[in-house]
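Chain by chain, the residues run as shown.
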Amino acid sequence: EAQVTQNPRYLITVTGKKLTVTCSQNMNHEYMSWYRQDPGLGLRQIYYSMNVEVTDKGDVPEGYKVSRKEKRNFPLILESPSPNQTSLYFCASGPTRGSNQPQHFGDGTRLSIL
Amino acid sequence: GENVEQHPSTLSVQEGDSAVIKCTYSDSASNYFPWYKQELGKGPQLIIDIRSNVGEKKDQRIAVTLNKTAKHFSLHITETQPEDSAVYFCAEGGSASKIIFGSGTRLSIRP
Numbered sequence: 001e002a003q004v005t006q007n008p009r010y011l012i013t014v015t016g017k018k019l020t021v022t023c024s025q026n027m028n029h030e031y032m033s034w035y036r037q038d039p040g041l042g043l044r045q046i047y048y049s050m051n052v053e054v055t056d057k058g059d060v061p062e063g064y065k066v067s068r069k070e071k072r073n074f075p076l077i078l079e080s081p082s083p084n085q086t087s088l089y090f091c092a093s094g095p096t097r098g099s100n101q102p103q104h105f106g107d108g109t110r111l112s113i114l
Numbered sequence: 115g116e117n118v119e120q121h122p123s124t125l126s127v128q129e130g131d132s133a134v135i136k137c138t139y140s141d142s143a144s145n146y147f148p149w150y151k152q153e154l155g156k157g158p159q160l161i162i163d164i165r166s167n168v169g170e171k172k173d174q175r176i177a178v179t180l181n182k183t184a185k186h187f188s189l190h191i192t193e194t195q196p197e198d199s200a201v202y203f204c205a206e207g208g209s210a211s212k213i214i215f216g217s218g219t220r221l222s223i224r225p
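Line by line, the protein sequences are chains X and G. For the first sequence, the numbering used here begins at 1 and goes up steadily by one. For the second sequence, the numbering used here begins at 115 and goes up steadily by one.
Bear in mind the hints are in silico, worked out from the structure with no lab data behind them. Treat the hints with care, as some may be off.
Claimed, not checked - List time: in silico EDC-like cross-link candidates among lysine to aspartate or glutamate, alpha-carbon distance up to 20 Å:
#	chain 1	residue 1	chain 2	residue 2
1	G	Lys156	X	Glu1
2	G	Lys151	X	Glu53
3	X	Lys17	X	Glu1
4	G	Lys212	X	Glu30
5	X	Lys57	G	Glu193
6	X	Lys57	G	Asp141
7	G	Lys185	G	Glu129
8	G	Lys212	X	Glu53
9	G	Lys156	X	Asp38
What the hints assert, rightly or not - To give an idea of the chain X side of the interface with chain G (calculated C-beta under 10 Å), a few residues:
#	residue
10	Cys91
11	Ser99
12	Gln101
Stated by the list, open to error - FRET-style restraints, in silico, Cβ to Cβ:
#	chain 1	residue 1	chain 2	residue 2	range
13	X	Lys57	G	Val134	30 to 36 Å
14	X	Ile12	G	Glu193	30 to 36 Å
15	X	Ser80	G	Arg175	43 to 49 Å
16	X	Pro102	G	Glu129	26 to 32 Å
17	G	Asn167	X	Arg9	37 to 43 Å
18	X	Asn7	G	Asn181	38 to 44 Å
19	X	Thr96	G	Lys172	40 to 46 Å
20	X	Lys69	G	Glu170	41 to 47 Å
Backbone N, C-alpha and C define an ideal beta-carbon position, used for all residues, glycine too.
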């Protein structure tokens, strides 16, 4: 089954404790992206990647890091999480490079930073 | 910067009636306009999309219209059913590698 898998689905942690949210897709997609979803703000893009070893900032990259060492994986790293990063996070992938294509989303990771 | 405005933020319609959600974008170079449906506890799922060389696209009860001159596009759902209740997002993409989403519309279908 074609899917984007995120882990964990839920996490409660404390300020300053480094965490990683993993994302994996099994569709051999070129494009991968991370979003955060906050009430009234919709989905905002954090980082995206058009290919292995190629990553770029989205609209809200501050406080986040990503890496794309393999095509299928695109982890989101919070080196020193803060309460304003409490949010619902989605990973997505698309078949080709660029944003002018359908994206497949994971089911989300709800992060609470205390 | 690029911006997508989506209206209304909430919409309640009687089952069987039509629902219309509108979005306005700012980047005239955008050429791809998808609509996503998000059900509770799930990630957004693409329901229909349109490219800038087309003015209208239809898929069963769902249609999307695009007016490039006015920079707006709309989602139309006819003969609404309870399973249409969800949050709907519009988006624009293609001018760069970023994609910009609207703020979402919570659609409720009244029985």
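Supplied distance hint 41 to 47 Å, evaluated on CB atoms of lysine 69 of chain X and glutamate 170 of chain G
43 Å, holds
Range hint compliance [Cβ, serine 80 of chain X to arginine 175 of chain G, 43 to 49 Å]:
Since the Cβ atoms of serine 80 of chain X and arginine 175 of chain G sit about 48 Å apart, the hinted range of 43 to 49 Å holds.
Status of the given 38 to 44 Å range, CB of asparagine 181 of chain G versus CB of asparagine 7 of chain X
42 Å, holds
Tell me if the straight-line CA distance from lysine 57 of chain X to aspartate 141 of chain G falls inside 20 Å.
Between lysine 57 of chain X and aspartate 141 of chain G the Cα gap is close to 18 Å, so the pair holds against 20 Å.
State, for the Cβ atoms of lysine 57 of chain X and valine 134 of chain G, whether the hinted interval 30 to 36 Å holds or is violated.
34 Å, holds
Given the hint that lysine 156 of chain G pairs with glutamate 1 of chain X, test it: the Cα-Cα distance must not exceed 20 Å.
Given pair lysine 156 of chain G, glutamate 1 of chain X holds - Cα atoms ~16 Å apart, limit 20 Å.
Let me know if the C-beta of serine 99 of chain X comes in closer than 10 Å to any C-beta of chain G, holds or violated.
It holds, given that the least Cβ distance between serine 99 of chain X and chain G is near 3 Å, below 10 Å.
What's the verdict on lysine 212 of chain G and glutamate 30 of chain X, does the C-alpha distance respect the 20 Å limit or exceed it?
14 Å, holds
Taking the beta carbons of proline 102 of chain X and glutamate 129 of chain G, is their distance inside 26 to 32 Å?
29 Å Cβ-Cβ, so the 26 to 32 Å window holds.
Are lysine 156 of chain G and aspartate 38 of chain X close enough, with their CA atoms no more than 20 Å apart?
15 Å, holds
Between the alpha carbons of lysine 212 of chain G and glutamate 53 of chain X, is the straight-line distance 20 Å or under?
17 Å, holds
For the pair supplied as a hint, lysine 185 of chain G and glutamate 129 of chain G, confirm whether the alpha-carbon distance does not exceed 20 Å.
The given pair, whose Cα atoms are some 30 Å apart, is violated under the 20 Å limit.
Checked against the numbered hints given earlier, this structure breaks hints 2, 3, 5, 7, 14 and 19; the rest are met.
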